[in-house]
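Can you build the whole structure from these sequences, using the hints too?
Residues 0 to 198 in numbering that gives the first Met the number 0 are what the sequence shown lists, from first letter to last.
Worth double-checking, as some hints may not be accurate.
[To be verified] Simulated restraints on C-beta separations:
| id | residue 1 | residue 2 | range |
| --- | --- | --- | --- |
| 1 | 50 | 82 | 18 to 28 angstroms |
| 2 | 78 | 29 | 34 to 44 angstroms |
| 3 | 105 | 71 | 20 to 30 angstroms |
| 4 | 10 | 37 | 11 to 21 angstroms |
| 5 | 144 | 40 | 13 to 23 angstroms |
In short, the hints are calculated from the structure, not lab data. Only a predicted model underlies this, so the values are computations on that prediction, with no experimental measurement involved. Even glycine gets a Cβ: it sits at the ideal position worked out from N, Cα and C.
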Amino acid sequence: MKNKQAELIARLSNHELHKQLFLTQILLLVISAILGIILFDYYSSFMKLFRMEWKIIYIGVSAGLIVVLLDLVMMKRLPEAYHNDGGINERIFTSLSCPMIAVVALLVAISEELLFRGVLQTHIGLIWTSVLFALVHYRYLFHPFLFINIILLSFFIGFIFEMTGNLYVTISMHFTIDFILGLIIKLTKGKNLDRKREE
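So, in structure tokens, the structure goes:
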């Protein structure tokens, strides 16, 4: 299954890979809207999850930076195979400009946090939401370290949501993680690809 997935992804061009990424995030937004209409009695009860307070954003960005730092430490100390998702993140981020990495990170943060924290966690709780979050990140299922990592990350984001009850916190946290790691992948892996082309 793991090899079939890698073969399928290898056949996709970068353009097709980006298209699939955007379509997936749009699908998550549509699912969020449908489930939100079904599960929330009032629109106002959903909107209470959004409170713009600068200290809330600081909490989200700070928590995101902690996750990034931990991830960087693990990347330095553990073999590269532990972090290898089949090259998908590398292909996505090395082929995007820095502003587009920000756009992708923001889209992913909004769509995933609306669905998983805003809609699901408020109705089925932290544990089931974290499991579903990990399952949606399908490519990590075949990599034990990445799978455990994504579950722990989901628990941490969910815990922050439980403490604050504010989606701006989790969106800013999720964005910070994806944006910084995306930039790191682009800057480090992109240089390696350039060197290989020159050789």
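Hints, verified against the model:
no. : hint                           : verdict
1   : 50 <-> 82: 18 to 28 angstroms  : violated, 35 angstroms
2   : 78 <-> 29: 34 to 44 angstroms  : holds, 39 angstroms
3   : 105 <-> 71: 20 to 30 angstroms : holds, 22 angstroms
4   : 10 <-> 37: 11 to 21 angstroms  : violated, 37 angstroms
5   : 144 <-> 40: 13 to 23 angstroms : violated, 41 angstroms
Taken one by one, the earlier hints fail for this structure at numbers 1, 4 and 5, listed in ascending order.
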